[in-house]
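Visitor: Read off the chains here:
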Amino acid sequence: MTIIETKNLTYTYPGGTKPSINGVSIKVKKGEFVLITGPSGCGKTTLCRCFNGLVPHFYQGELKGEITVAGMDPTTHETHAMAKSVGLVFQNPENQLFALSVEKDVAFGLENLGMPREEMRERVEWALKLTDIHDLRERSPHEVSGGQQQRVAIAAVLAMQPEIIVLDEPTSFLDPLSAEKIFEVIHELNKEHGITVVLVEHRLDLTAKYADHIIIMDEGKVCFDGNPREILNTEETRLIGVGIPKATLLYHILKKEGLKLGDVTPLSSEEMAKLLQEAFKIK
Amino acid sequence: MSVFDGLKFRKVYSPIHNLDPRMKFVYVCAMFVAAIIFGELIPLIALFLMPIPFVVLAGVQKEWLRSLRGAAFLAGFIFIINVATSFFYSGNVLTAVDVENAAAMTLRFVVLVESFSVFFLTTSPDHLGLALEQSRVPYEFAFAFTTAVRFVPVLAEEAQTIMDAQKARGLELEKGGILKRIRNYVPILIPLIVSAIRRSLELAEAMESRAWGATKKRTNLYALRLRRGDFALLAITVGLLVVAVYVRLYVPIPAVTQFL
Chain E
63 MTIIETKNLT
73 YTYPGGTKPS
83 INGVSIKVKK
93 GEFVLITGPS
103 GCGKTTLCRC
113 FNGLVPHFYQ
123 GELKGEITVA
133 GMDPTTHETH
143 AMAKSVGLVF
153 QNPENQLFAL
163 SVEKDVAFGL
173 ENLGMPREEM
183 RERVEWALKL
193 TDIHDLRERS
203 PHEVSGGQQQ
213 RVAIAAVLAM
223 QPEIIVLDEP
233 TSFLDPLSAE
243 KIFEVIHELN
253 KEHGITVVLV
263 EHRLDLTAKY
273 ADHIIIMDEG
283 KVCFDGNPRE
293 ILNTEETRLI
303 GVGIPKATLL
313 YHILKKEGLK
323 LGDVTPLSSE
333 EMAKLLQEAF
343 KIK
Chain X
134 MSVFDGLKFR
144 KVYSPIHNLD
154 PRMKFVYVCA
164 MFVAAIIFGE
174 LIPLIALFLM
184 PIPFVVLAGV
194 QKEWLRSLRG
204 AAFLAGFIFI
214 INVATSFFYS
224 GNVLTAVDVE
234 NAAAMTLRFV
244 VLVESFSVFF
254 LTTSPDHLGL
264 ALEQSRVPYE
274 FAFAFTTAVR
284 FVPVLAEEAQ
294 TIMDAQKARG
304 LELEKGGILK
314 RIRNYVPILI
324 PLIVSAIRRS
334 LELAEAMESR
344 AWGATKKRTN
354 LYALRLRRGD
364 FALLAITVGL
374 LVVAVYVRLY
384 VPIPAVTQFL
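Respectively, the protein sequence lines represent chains E and X.
In case it helps, the working numbering puts the first sequence at residues 63 to 345.
In case it helps, the working numbering puts the second sequence at residues 134 to 393.
Any given hint might turn out to be false.
[As the list claims (entries may be wrong)] Quick list of simulated restraints, FRET-style, between CB atoms:
| # | chain 1 | residue 1 | chain 2 | residue 2 | range |
| --- | --- | --- | --- | --- | --- |
| 1 | X | P320 | E | D237 | 29 to 37 Å |
| 2 | X | E307 | E | L239 | 25 to 33 Å |
| 3 | X | R314 | E | E184 | 51 to 59 Å |
| 4 | E | G133 | X | A337 | 20 to 28 Å |
| 5 | E | L316 | X | I326 | 53 to 61 Å |
| 6 | E | G133 | X | G362 | 46 to 54 Å |
[Unchecked claim] Take a look, some chain X residues computed to stay more than 12 Å from chain E by CB distance:
| # | residue |
| --- | --- |
| 7 | R155 |
| 8 | V159 |
| 9 | I175 |
| 10 | I214 |
| 11 | S223 |
| 12 | H260 |
| 13 | E266 |
| 14 | R314 |
| 15 | I323 |
| 16 | R343 |
| 17 | I386 |
Since the hints were derived computationally from the structure, they do not count as laboratory data.
Even glycine gets a Cβ: it sits at the ideal position worked out from N, Cα and C.
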């Protein structure tokens, strides 16, 4: 079942000279883990903003083409109506938390929806536990680390129990270890709870292994769209400026050198290690 | 930045901190009224002593003394002005009564400062925001208030970073006369303002994405409820007002100088 579908989506920011996204047509199935990547300024963020109607409602300007997200049209539904179905997590964790305690921040969206207190409390508890920040509940968001802040932001959208979570470079302000923790949380949400995940990320080393579907963008257009193992193995993706996982690159080089390796392109160090073990018969 | 340390509120639990901020506010207002209706030294001394049990119960003596010390300069100023005016007004004679009146005026100011400081020292901004919301203040205002409090330390940190960056490029902040010094801060203020505006845009985006404005009837994770302590404070407040008004109307208040 398709949950996000765009047809020929084109958008120019007010005052912009050329479109930020140009003729984007993608399809995302329900329950998929989609990875969107591409060089900076390629339109990834703009595409994310289209999913919950920030484009065009918040940013104005004219959005051409068709878009359907969770059965709704973001161009006619207000952002707050989309918020129940689509949760958006932003790049800078500091600027998306506004309450004076973690708990209040997680409850913010539910308060806006006017949810009864008892139900709200249950949802907040659930979201705090799932993101493993339950013991931070009374702390102030600016006192906790960047990684924890980003988990608060995830918990905050999670509390609204959306069908889709869109994360726009959620780890660019974080160290590798915190980033890994974030990706694990996201992966669990996708696998255990069936939430569709759209992740915009440069760190393919850490994320490619989770992805069912990868979309590579460049200059506002979609260049590649499909299975990560096939796409990351091509020479062109590297030339666009996509950070191919090291394991995949190594596989590529060794294969070219004539080493006999399995046919499944590895996306993580673990998979590469397994291939090498097989090749050298190390037990 | 030590300047902003005073604005950081630490979560503490004490019988006073747990009181309903609305009730505390009513109490502060009653203190105000009482301080205004008396111009004599003796009742003002009584009013000055009144918040001390609250301060001790809340365990904020150190902070409270600091706020009093902060008011000391202004208090001294008020005292001198009062003494000087009565001195020149009555033809260059200074009586003990004049000094007592000046002291009373000064103490009135100190009482106002101290009761306000007790309120702010024992009320978390979070609680205050909640109280605003439940007092039918439109949510937008309550939200603006809590967000402002939340971003004070963030902006302070950012100001520090900008200052360091500009100093690294050779900006000398502590150079020149007073006008030059003020002008030195322009290269710090402009990036700070620009980044604050950018930050507010991102915040607005995040708020929109979390269903800001979805319904008119917003709910809240917490509700303030009046407990036993709040009723006790209410009784104290009413008692204070009744006694103050009664004393004002029916009891002649002696001046300290009469006992000398």
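Visitor: Of the numbered hints stated previously, which ones are contradicted by the structure, given in increasing order?
Guide: 2, 12, 13, 16
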